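Using the sequences plus the hints, can you model the full thing?
First to last, the protein sequences are chains A and B. Note that full-length UniProt numbering has the first sequence beginning at 1, numbered continuously upward. Note that full-length UniProt numbering has the second sequence beginning at 1, numbered continuously upward.
Keep in mind the hints are simulated off the structure, nothing from the lab. Being a predicted model, the structure only gives us computed values, none of them experimental. Just so you know, not all the hints are guaranteed correct.
Identical copies carry no separate label here, and so any pair may be met within one copy or between two of them.
[Claimed, not checked] Straight line, CA to CA, 25 Å or less: simulated SDA-like cross-link-like pairs of lysine to any residue:
# : residue 1 : residue 2
1 : Lys550    : Gly232
2 : Lys116    : Pro316
3 : Lys226    : Asp697
4 : Lys116    : Arg626
There are 2 protein chains.
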Amino acid sequence: MIEALCVSSATPTEEMNGAGNLMDFLDEPFPDVSTYEDFHTIDWLREKSRDTDRHRKTFDGKACTLAGVIDLAVDWMTDLKEGVCLSAFWYSHEQCCWTSNETTFDDRDKCPQWQKWAELMTGHAEGAGAYVLNYFLYILWALLFSFLAVSLVRVFAPYACGSGIPEIKTILSGFIIRGYLGKWTLLIKTVTLVLAVSSGLSLGKEGPLVHVACCCGNLFCSLFSKYSKNEGKRREVLSAAAAAGVSVAFGAPIGGVLFSLEEVSYYFPLKTLWRSFFAALVAAFTLRSINPFGNSRLVLFYVEYHTPWYMAELVPFILLGVFGGLWGTLFIRANIAWCRRRKTTQLGKYPVLEVIAVTGITAVLAYPNPYTRRSTSELISELFNDCGALESSQLCDYINNPNMSRPVDDIPDRPAGPGVYNALWQLALALIFKIVITIFTFGMKIPSGLFIPSMAVGAIAGRIVGIAVEQMAYHHHDWIIFKNWCRPGADCVTPGLYAMVGAAACLGGVTRMTVSLVVIMFELTGGLEYIVPLMAAAVTSKWVADAFGKEGIYESHIQLNGYPYLDVRDEFTHRTLATDVMRPRRNDPPLAVLTQDTTTVEDVETLIKDTDYNGFPVVVSRESERLIGFVQRRDLTLAIKNARQKQDGVVSSSVVYFTEDAPQLPASNPQPLKLRRILNLSPFTVTDHTPMETVVDIFRKLGLRQCLVTRSGRLLGIITKKDVLRHMAQMMNQDPESIMFN
Amino acid sequence: MIEALCVSSATPTEEMNGAGNLMDFLDEPFPDVSTYEDFHTIDWLREKSRDTDRHRKTFDGKACTLAGVIDLAVDWMTDLKEGVCLSAFWYSHEQCCWTSNETTFDDRDKCPQWQKWAELMTGHAEGAGAYVLNYFLYILWALLFSFLAVSLVRVFAPYACGSGIPEIKTILSGFIIRGYLGKWTLLIKTVTLVLAVSSGLSLGKEGPLVHVACCCGNLFCSLFSKYSKNEGKRREVLSAAAAAGVSVAFGAPIGGVLFSLEEVSYYFPLKTLWRSFFAALVAAFTLRSINPFGNSRLVLFYVEYHTPWYMAELVPFILLGVFGGLWGTLFIRANIAWCRRRKTTQLGKYPVLEVIAVTGITAVLAYPNPYTRRSTSELISELFNDCGALESSQLCDYINNPNMSRPVDDIPDRPAGPGVYNALWQLALALIFKIVITIFTFGMKIPSGLFIPSMAVGAIAGRIVGIAVEQMAYHHHDWIIFKNWCRPGADCVTPGLYAMVGAAACLGGVTRMTVSLVVIMFELTGGLEYIVPLMAAAVTSKWVADAFGKEGIYESHIQLNGYPYLDVRDEFTHRTLATDVMRPRRNDPPLAVLTQDTTTVEDVETLIKDTDYNGFPVVVSRESERLIGFVQRRDLTLAIKNARQKQDGVVSSSVVYFTEDAPQLPASNPQPLKLRRILNLSPFTVTDHTPMETVVDIFRKLGLRQCLVTRSGRLLGIITKKDVLRHMAQMMNQDPESIMFN
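The following block contains the structure:
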């Protein structure tokens with residue numbers, strides 16, 4: 001059970017208790033109100049009607065401060081693998097050289113304050129020996145960071161692993177995972193996220209930051225009984241928190257809201273849209289005050305160019321979209337296959353070893369290639385940028401023309417120099433490396449996001465295509481396709497734009513976002529002019545990827561783990577009826593029901609002992625089978641326990657009354673037990689002829705946990721969310737037993 | 001009834017038939033399938049389950065071509081009021097002077113090809129006589145255009161008036177207004193929109209363009225029986241069309257999708273989001289190919305500046321938000337009061353006269369002020385722009401410093417010249433004029449949008465505030481609030497940004513958009529850096545406006561017209577139960593029901609004659625009151641009519657059977673009529689104890705038309721959408737009889 005939650009190995013109960021010990025502070029059950037058990041589904045309609053007092057909610061931007069700190073810590077630790085700042089060891093490479101006086105644009109990489117390890121230890125900055133020493137220390141640091149990360153996760157907060165988005169989707173759809181959003185998870189995930197990103201593994205911090213933000217939101221909820229007692233209200237706050245999470249992760253406030261809407265949230269009333277918007281505003285505002293990207297622009301990968309694009313370029317853009325779709329498909333299939341292998345074989349028993357091994361391989365392969373050695377965000381940033389006249393990157397080693405003083409946007413056509421060809425090779429190797437290693441990295445027992453690695457794959461591919469098109473346009477101005485839009489001497493192709501489009505396509509292929517993807521991309525880059533290329537790539541990528549399988553990476557992981565998640569996007573198109581899905585089936589024993597005035601306390605206790613249903617329908621009598629309500633197992637247990645303890649005269653033979661008035665009984669009879677107050681008088685019903693399509697729709701939109709089936713007013717059976725999910729799995733030729741939870 | 005649809009005066013039936021004659025091509029009822037009657041509500045669940053074949057839908061961008069043509073026509077006709085192009089009379093002022101050879105930036109306003117009417121007719125370009133003649137002709141053209149517009153609307157397509165968004169919201173929420181999206185409406189609205197905008201009235205073309213796009217979408221639906229026969233599917237296409245409409249109106253593809261999601265659509269599954277996204281992409285692509293704004297940027301009010309803003313500036317931004325909220329409240333209240341007056345008094349009987357009068361007043365007052373004489377889009381564009389060194393506008397009459405060659409972004413602090421002070425006065429007058437005239441213009445019997453006038457009000461106010469802050473900062477560098485961020489010699493305040501923020505605030509106050517507003521604003525202007533100011537203004541404006549009344553202008557008009565629109569945003573928080581709302585009430589006659597095997601054809605016919613219910617529940621017997629299904633009135637009428645005509649032996653005394661098998665009757669009895677096939681076996685039921693809050697939620701989310709109420713399996717009553725709306729109106733202390741339709 002817990003295995004699904006990427007904790008693996010130990011037996012479910014052990015793990016759960018272990019986790020519970022540490023993390024059960026937040027969600028203490030209230031003995032008087034009925035709450036839900038762990039790994040159970042909530043009933044939205046019930047929560048909604050339980051919510052009596054309503055106030056305007058405010059949301060705090062605590063997550064932002066955290067995100068700012070994370071950003072700074074990651075920068076410092078990533079650079080720590082290579083060297084240290086002599087003037088102040090807590091400075092990252094960039095900060096170190098900022099403060100250095102001699103910083104001009106050209107020699108920023110070689111400021112004297114910053115020393116690589118080899119130089120510091122041996123005094124030699126160059127040479128094979130120094131290189132090997134640096135290489136060795138790089139690997140050592142990486143292993144240390146990742147070992148710390150995985151150990152902390154193992155010991156203190158098993159829920160802190162992974163990106164957390166599949167679980168948050170499931171929680172938001174109305175599922176209880178106690179402690180998943182607890183303060184231990186928050187603390188440990190924050191610390192290990194920094195370690196994991198710094199270790200150089202091919203993972204990002206965006207997904208985990210959504211989890212961290214949701215933990216903050218949950219903590220916030222626990223301060224107000226209105227939210228902590230109502231699972232529906234709590235989920236509204238969590239949706240807003242998820243929006244704030246993306247806002248701070250990317251500095252994309254609107255993109256965050258849309259991501260929360262399109263990808264994460266399940267139950268998203270417009271009121272939540274508005275709240276998310278406000279949360280995102282606070283987040284953006286706080287971020288702007290902290291200013292972690294060092295510019296006042298709130299934009300992570302700001303692009304400087306505003307050169308127009310041409311219609312003919314749509315062809316490579318759409319090809320990049322196709323690539324993105326294929327990458328998405330390949331990644332999802334391979335990653336799911338690998339994760340399934342991890343779950344089912346011995347592999348899953350050694351999570352620490354696995355992390356160490358992958359970190360080792362990553363470090364060994366990454367160091368020699370300058371494009372993989374640096375942090376992935378830096379790589380993407382460089383790939384997105386156009387080559388200005390002053391750019392010192394190898395990617396910009398064009399055979400320059402004399403007038404270097406022209407503004408950045410306006411460099412005419414450029415033949416590539418040897419550096420560019422060299423960079424192309426290195427980029428191609430980096431592409432293959434990133435593709436392969438990301439498949440094995442995502443899903444390990446450390447915090448790991450997917451946005452940045454996906455974007456990196458796309459950006460590399462895009463930049464390669466971009467340079468290819470650029471050089472083709474330069475060398476073949478006379479080709480018919482270039483003739484119209486690319487005159488000699490004009491700067492007609494911007495390779496950075498191709499990187500941007502490629503990144504969007506790959507991210508889209510993996511996550512299947514559409515609107516939020518494009519908004520995030522232009523909030524990330526400021527490239528509002530490129531909305532059509534970005535949209536075209538996103539659409540193509542989604543089409544191609546959807547052709548191979550409807551599910552994005554998060555849904556695939558949800559399915560792999562067997563969470564009871566009813567995807568709002570799946571169309572249920574089969575012609576089955578409620579009667580085909582409801583229980584009891586034809587040869588099953590009859591439905592376990594209570595009658596309104598003939599069941600005894602003993603009968604009820606037997607029923608509770610013999611079955612594990614979450615609740616029981618109450619009927620007028622077994623003959624008429626007229627439904628009057630539904631009673632929760634938990635409420636029933638509590639009520640009987642209370643009555644036995646506190647109410648005199650309630651014995652096993654007492655009759656349980658669900659009617660409004662219990663009849664006056666002779667004194668010889670045992671005192672009756674009146675339980676109408678725990679009876680839900682408005683259970684949801686459908687008729688046995690209702691098409692399953694409608695039933696699925698009702699479950700989805702109303703967030704039901706169960707639904708009773710009647711015919712001509714007679715109770716026939718019950719359909720639970722799990723039955724619906726099982727039926728859907730069956731209809732899609734999947735194993736219905738993969739749905740594990742209640 | 002029709003009066004509500006801004007047609008007024010004539011009696012409902014007359015008008016409806018009149019409209020019907022012209023516009024009933026699209027929605028011919030299919031005699032075999034049951035469709036809905038005009039001014040009736042559809043049943044979403046039923047439509048959903050009726051949709052048997054599903055294919056991927058594509059969407060065309062026809063609306064764009066139309067929008068491009070509209071743009072060009074409006075430009076030409078607006079300029080026609082002032083003068084004509086000698087070289088080619090079909091050129092607008094701008095086009096005329098583009099082609100002229102002598103065009104340099106400075107004297108573009110005075111190119112010889114373009115002649116004002118006075119110059120053309122008398123040979124004098126200057127002087128009081130010429131001014132009066134121009135003034136007179138300006139008014140004449142305006143009156144001509146508006147008279148043509150209102151006459152065309154009156155005669156050919158009464159539905160073409162107004163912005164159309166309230167009606168489209170209602171249609172999308174599941175209401176039938178036949179002909180509202182017909183081809184006549186499309187044609188006439190397109191033509192009269194051009195006339196109305198050109199006449200100089202204070203109205204925009206954005207809202208009507210959404211209506212036009214929806215007409216296109218509806219025409220597209222009528223080509224495929226899948227969409228034309230299913231009202232649910234049709235609405236999905238219409239949602240996508242609305243997105244495409246905003247995309248072309250503003251050149252804001254993402255903003256269009258979000259507008260469709262946040263403001264227009266009712267039933268918005270994620271699949272629709274994705275389709276809208278695609279529709280918007282096609283629209284953006286087509287628009288980019290047509291390029292009506294004359295730049296390749298797809299941006300209507302592109303701003304050139306990228307100067308940063310400062311934290312202290314949030315104070316004026318928030319003040320602008322407050323202004324926007326107040327303006328929204330004032331506008332909505334005044335406009336609704338005026339429209340109610342129009343509906344209830346003699347005023348509504350003279351729509352042509354009203355339009356002529358308002359046009360006359362507008363033209364007389366607008367001409368003398370240069371800021372109101374020009375088209376509102378041009379005004380907004382000028383107000384948004386920062387003063388570059390080359391700007392010739394009066395607003396930019398700063399006492400310039402010598403170095404004129406510095407780039408646009410980087411002009412240091414500027415003392416205002418006399419032109420600026422002059423402009424401030426004119427702007428203040430324009431502001432008052434716009435505020436007053438827009439209240440009387442919106443809701444007249446011509447196509448009229450609200451986006452542009454609202455933005456204009458905000459932009460004027462914002463620019464005034466911006467200049468005030470700028471001059472304050474210049475003259476009082478030493479004030480504590482300016483000291484930190486506004487050094488002498490630095491260009492620290494950008495008045496254009498204030499105009500942008502003001503426009504967003506005012507638009508937000510009127511429409512109550514949030515996310516879509518901000519996205520539209522930055523797609524309109526390209527000012528991605530200003531996301532926090534825009535968000536802050538939008539949030540403040542919504543708060544302030546919501547404090548005075550929850551409804552935006554579109555919801556207010558829906559309420560004024562009594563459409564059956566169940567707003568997804570209204571929270572229903574009262575503690576009433578289904579039993580309080582259902583009919584029959586306590587003293588009413590019992591519910592009209594059919595029994596499954598004892599009703600005769602005559603009984604049914606009597607029932608149909610005596611009542612006007614849309615359908616009847618079918619029960620096992622009147623004694624048991626066990627519900628077995630629900631039958632539509634229309635289906636029943638058709639079935640009996642068919643049987644009487646075609647089926648021998650069906651007479652008045654024939655028994656109607658809703659059971660699976662009719663019993664074998666002796667030959668002497670009349671032949672039975674089996675009607676199980678028209679029986680809906682899965683009617684929606686709730687118990688009488690269900691809280692109305694849950695019932696409202698169910699109606700909203702599932703788009704129900706009616707819902708049956710049971711207790712212990714017995715049928716008690718029925719709740720229709722109209723009952724729900726009436727109950728909600730009652731709970732909000734409004735007149736429940738304002739809900740007019742079924």
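| task | Determine which of the earlier numbered hints do not hold for this structure and return their numbers in increasing order. | result | When the structure is compared with the hints, numbers 2, 4 turn out to be violated.
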